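Visitor: In this note's numbering, the protein residues as written are 338 to 526.
These aren't lab readings, by the way, just hints derived from the structure by calculation.
Do not rely on the hints blindly, as some may be mistaken.
Have a look at the derived ranges for each label pair, beta carbon to beta carbon [as the list claims (entries may be wrong)]:
hint: 1; residue 1: Leu-392; residue 2: Gln-510; range: 29 to 39 Å
hint: 2; residue 1: Gly-404; residue 2: Leu-494; range: 36 to 46 Å
hint: 3; residue 1: His-514; residue 2: Ile-339; range: 43 to 53 Å
hint: 4; residue 1: Ser-398; residue 2: Ile-524; range: 19 to 29 Å
hint: 5; residue 1: Ser-526; residue 2: Gln-465; range: 40 to 50 Å
hint: 6; residue 1: Asn-378; residue 2: Asp-500; range: 44 to 54 Å
hint: 7; residue 1: Gln-510; residue 2: Gln-443; range: 26 to 36 Å
Treat the numbers as computed from the prediction; the structure is a model and nothing was measured.
The beta carbon of each residue, even a glycine, is placed where N, CA and C say it ideally should be.
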Amino acid sequence: MIKDLVLKNRSYRRFEENTLVDMETLHELVELARNCPSAANLQPIKYYLSNSADLNDVIFSTLAWAGYLKEWKGPKAGERPSAYIIILGDSRIKADFGIDPGIVAQTMLLGAVEKGLGGCMIASVRRQELHQALNLPAELEIILVIALGKPVETVILEDLPADGSIRYYRDEQAVHHVPKRSLQELIVS
Numbered sequence: 338m339i340k341d342l343v344l345k346n347r348s349y350r351r352f353e354e355n356t357l358v359d360m361e362t363l364h365e366l367v368e369l370a371r372n373c374p375s376a377a378n379l380q381p382i383k384y385y386l387s388n389s390a391d392l393n394d395v396i397f398s399t400l401a402w403a404g405y406l407k408e409w410k411g412p413k414a415g416e417r418p419s420a421y422i423i424i425l426g427d428s429r430i431k432a433d434f435g436i437d438p439g440i441v442a443q444t445m446l447l448g449a450v451e452k453g454l455g456g457c458m459i460a461s462v463r464r465q466e467l468h469q470a471l472n473l474p475a476e477l478e479i480i481l482v483i484a485l486g487k488p489v490e491t492v493i494l495e496d497l498p499a500d501g502s503i504r505y506y507r508d509e510q511a512v513h514h515v516p517k518r519s520l521q522e523l524i525v526s
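Turn these sequences into a full structure, and let the hints guide you.
Guide: Here is the structure:
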C-alpha cells in the first residue's frame with residue numbers, strides 16, 4: 338500500500354555500510370524514475386550510479402549531512418551509504434529542470450523502501466568538486482545526491498511540540514525524531 342511506503346520512506350542517514358546495493362537494484366530504481374512524468378515530456382534528468390567503496394568515498398567527501406544536527410558530521414565509517422544515485426540535469430535538453438528532480442527522487446526512494454532499503458536526498462553538495470571528481474561533461478548539472486543503503490536507524494514522526502519547532506533531533510538512544518505539522522494546519526479552507 339502506498340501509505341505504508343510513504344511512512345517508511347524517511348531521510349535515513351545511517352546504514353549497514355557492508356550491505357551491498359547491487360548495480361541491478363540501482364538500475365531498477367532508475368527504471369522507475371525513467372517512467373515518471375516529465376514536464377513537456379522533455380526528460381532532461383540523467384543519473385550517475387555508484388556502489389563501489391572507492392567511488393562512494395569520493396562522493397561522501399563532498400556531502401553535508403543533517404543541517405539541524407550541528408554536532409554530527411555525518412555517518413561514521415561502517416554506517417555510510419553503500420550506494421549513491423546522483424541526479425543530473427542535462428542543460429542541452431532544458432536549462433530549468435523544474436519539478437522533475439523531486440518527482441524522480443521520491444519515486445526512487447519509494448522503490449528503495451519497497452526493496453527493504455532506505456535513503457536520503459542530499460542537496461547540500463560541493464557540486465563543483467564532485468563534478469570534477471566524477472569528470473562529468475559540462476552540460477550535466479548536479480541537482481541532488483541520493484544516498485542509499487540498508488538503514489540502521491529508527492526514525493519517528495511526531496506532532497510539532499508546543500513551541501512549534503520543526504527541527505528534527507536525535508535522542509539519547511540515537512532515535513531520530515521528525516516533527517510534522519498537523520493535517521488541519523496544512524489544509525487551507
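Visitor: Hint by hint, note whether the structure agrees.
Guide: These are the hints, each one checked on the structure:
1. A C-beta distance of roughly 33 Å is found between Leu-392 and Gln-510, which places it inside the suggested range of 29 to 39 Å.
2. Gly-404 and Leu-494 have their C-beta atoms about 19 Å apart, which leaves the hinted 36 to 46 Å range violated.
3. In this structure, His-514 and Ile-339 break the distance hint of 43 to 53 Å, their C-beta atoms being roughly 24 Å apart.
4. Taking 19 to 29 Å as the suggested C-beta distance range, the pair Ser-398 and Ile-524 does not conform, at roughly 42 Å.
5. For the pair Ser-526 and Gln-465, the beta carbons lie near 45 Å from each other, so the given range of 40 to 50 Å is met.
6. Separation of Asn-378 from Asp-500 is about 45 Å and conforms to the stated range, judged on CB atoms against 44 to 54 Å.
7. Take Gln-510 and Gln-443: their Cβ atoms lie about 29 Å apart, and the range 26 to 36 Å holds.
Of the numbered hints given earlier, the model fails hints 2, 3, 4; all others are met.
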